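Q: If you want the building blocks of each chain, they are given just below.
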Amino acid sequence: MTMQRPAPAADAAATTPPPRRASRARRRSLVGAAYAAPTAVMVGLFFVTPLLLVVWMSLHKWPLLGQPTFNVPDNYTGIGDNQLGGSAVWFTVKYTVIMTVLLFSLALGLALLVQNRRRGVGFLRTAFFLPMAVGFASASLLFLGLLSDEIGPVSDGLRAIGLVDGYVSWTSGSGTSALGSTVVLVLWRFAGFNMLIMLTGLQAIPLEVYEAARIDGASRWQTFRRITLPLMRPTIALVLTMMITGSILAFDQFWILTRGGPDNSTTSLVMVIYREAFIRLDLGSAAALSVVLLAVLVVVNVVQLGVLRRRSH
Amino acid sequence: MRSLRTPAAVAVAVLLTAVLGACGEDEAPGGNSTAGVDDGAQLTLWTRAATESVSKAYAEAYNAGHKNKVTVTAYPNEEYPAKLASAAGAKALPDLFATDVVFAPQYASQGLWADITDRFAASGVKDKVSPGHVRAGTWDGKTFAVPHTVDMSVMLYNKDLYTKAGLDPEKPPTTLKEFAEQARKIDKLGGDVNGTYFGGNCGGCVEFTFWPSVWASGGNVLDDKGTTAKIDSKEMADVFALYRSLYDEGVAAPAAKDEAGPTWLGALQSGKIGIAPGPSVWLGMIEEKGVKMGVAPITGLDGGESTFIGGDSIGIGATSTKQAQAWDFLNWTMSEAAQVEVIAKNKGVPIRTDLASNKYSSADPRIVTINSLVAKGKTPYAKNFNASFNDPQSPWLQTVRGALFGDAAKSLADGNAAITKSLQQG
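Same order as they appear, the protein sequences are chains A and B.
Under this note's numbering, think of the first position of the first sequence as 1, with each following residue one higher.
Under this note's numbering, think of the first position of the second sequence as 1, with each following residue one higher.
Incorrect hints may have been included.
27 Å max Cα-Cα, derived DSSO-like pairs, lysine-lysine [what the hints assert, rightly or not]:
{"hint": "1", "chain 1": "A", "residue 1": "Lys61", "chain 2": "B", "residue 2": "Lys83"}
{"hint": "2", "chain 1": "B", "residue 1": "Lys69", "chain 2": "B", "residue 2": "Lys159"}
{"hint": "3", "chain 1": "A", "residue 1": "Lys61", "chain 2": "B", "residue 2": "Lys225"}
{"hint": "4", "chain 1": "B", "residue 1": "Lys359", "chain 2": "B", "residue 2": "Lys345"}
{"hint": "5", "chain 1": "B", "residue 1": "Lys91", "chain 2": "A", "residue 2": "Lys61"}
{"hint": "6", "chain 1": "B", "residue 1": "Lys421", "chain 2": "A", "residue 2": "Lys61"}
{"hint": "7", "chain 1": "B", "residue 1": "Lys142", "chain 2": "A", "residue 2": "Lys61"}
{"hint": "8", "chain 1": "B", "residue 1": "Lys126", "chain 2": "B", "residue 2": "Lys188"}
Note that these hints are calculated values from the structure, not bench results.
Note that the structure is a prediction, hence the values are computed from the model and not measured.
Sequences and hints are given; from them, build the entire structure.
A: This is the structure:
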């Protein structure tokens, strides 16, 4: 009985923490906020502010110098009249589908090839990843030189072994050859990088699962379909998101290698945005196109990640 | 005493205000003074790579004799418009910047250059410099840019190949049809020698080299305001048809179909091209490679002569705080001393029409030929020139490709409508 404290005092102790503990908690949250502050400032300054500025810009006629004037919804309605923009949308979609299928297949194939440790695998992994060390603009220029009939060795080599005849133009001869040259460049540059990501996904699968499958008599194909692919889903979701986003935002490879030609057949959406901003000097229109493209990217990524995550559960 | 001191103080104050005001006038951006100021300011000048050497030659000569110092920065041609637009957006334009003369109306209309109307009027050279450049730098009756360099399109021909083909190297073609015949004869030399070459995948190259033939034949490409295209004319169709036949016959080098600009000079420097229209400034660059070149005017189908007067215009960056000093440099570049001792001495074309004949040009008859063309040529004027003609995504390049390698009649008709629409876009 003597141990029992009066009820009001106990209530007070339960509802109001001692002042020292409260100030410690507040200090801890302040310290946490201080740690997060630099990142928050960076995100706010370099991501959120430009994003809001682009949205604000898209609502105005925005001259290079001087006062912007509000012109909603002209910049957005103008998108429909942009014929080059229309053809660029279809080309970008086509390029994204081709690129994603080919790059995914090649990267997964390479990852499976170098999955297990054996002689020479280290060399192969390095060789596949090496193109990633070359800057993308430099890689595009490198291909421009290699594929040139005037100065590059590719056409000469193919002529020597009888595969081609006469003058060949890989980068501007036809829409198909220009797209093909770009696809080869991007595959060369990015296959090794995506292989590396898939390799980490493959190696995260416990060996015991494979051993159990082998004991159960599963074939290689069954193991791949029933074990490798389902357990790789989070990794696949990641690389597909990166591939699709990268392809929709394609610019350097077309800007340098094909200049969007021949006859605008390889003009990507981002090239159209660049033209609106820096050739036509219509920053408002370029901003509106960027906002629409951003919205499309957000929708594609939400749907894609949603589908792949649901399946992985 | 008190009554005496007050008027004296007022007088001193008025005097001080007047003196300070006068000082401020020279230093303030857009001040009313039309004289340049040489007070040791550091000036930045941006230019495109194509004319970098001329800008640097001007700067070196100016720096040697002035307190102001000009530093030249050059950017690759393709990246230059974007670089300028970004700098303008950030309100950080250089003190001076030059640009392709055909882009000048767009920059002037956007207010990227400071208004130099009064300064230019007081310079005394307004009527003596390339009129096409002056018009290009004028918007709404105000002057924003002055001529910086002049580069014209001419026929460049390989004298050794002419001799080998049995042609007289001193008798270049006087009509475009003769040009085609001479190119065919040279092409018959065989091997890796070709009759001619052009930039079939380069809108800027084609306008620079084909349009003079249209002008010389009596046709036009644009209306005076630069808002309506006239490329569906008979003259334009005939000029394209002639070059197309040269390509189809294999007289033009196969690479001409893909030439987007970067390897154009290299092809002529190889010494394996008989005759081709090209920039006059390449004369020296080709001869540096040991190729003996002749120069002739670009002709019309049945005669006449013309040229595309290109080159650069230059103005004072609208955001510059050293406008009086920048004008001092601009004013000097247009002086006789600069034009003769910097431009003519280096075999360039003076921007001053009254200096076309000078002590250096008379030493080389080819330079006299080039200089004499200034009076016969044109500089097209259109606010949306870059988007309509020079940009790789322009409707002009698509038209060129169709006219040279596809359905010519349809391409020229469709192209005319598309280019007019592009020229009229706000």
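Q: Please go over all the hints and tell whether each is borne out by the structure.
A: Okay, the hints, checked on the actual structure:
The hinted pair formed by Lys61 (chain A) and Lys83 (chain B) meets the criterion: a straight-line CA distance of about 20 Å does not exceed 27 Å. Between Lys69 (chain B) and Lys159 (chain B), the direct Cα distance comes to roughly 43 Å. Violation of the 27 Å bound is thereby established for this hinted pair. This hinted pair checks out: Lys61 (chain A) and Lys225 (chain B) have alpha carbons roughly 24 Å apart, not beyond 27 Å. Between Lys359 (chain B) and Lys345 (chain B) the alpha-carbon distance is near 9 Å, which keeps this suggested pair within the 27 Å criterion.
Distance hint between Lys91 (chain B) and Lys61 (chain A) is fulfilled; the C-alpha atoms sit about 17 Å from each other, no more than 27 Å. Annotation: proposed proximity of Lys421 (chain B) to Lys61 (chain A) holds, straight-line Cα distance about 20 Å (limit 27 Å). A hinted pair counts as satisfied when its Cα atoms are at most 27 Å apart, and Lys142 (chain B) with Lys61 (chain A) qualifies at roughly 24 Å. At roughly 50 Å between alpha-carbon atoms, Lys126 (chain B) and Lys188 (chain B) are farther apart than 27 Å, so this suggested pair is violated.
Hints 2 and 8 from the earlier list are contradicted by this structure; the remaining hints agree with it.
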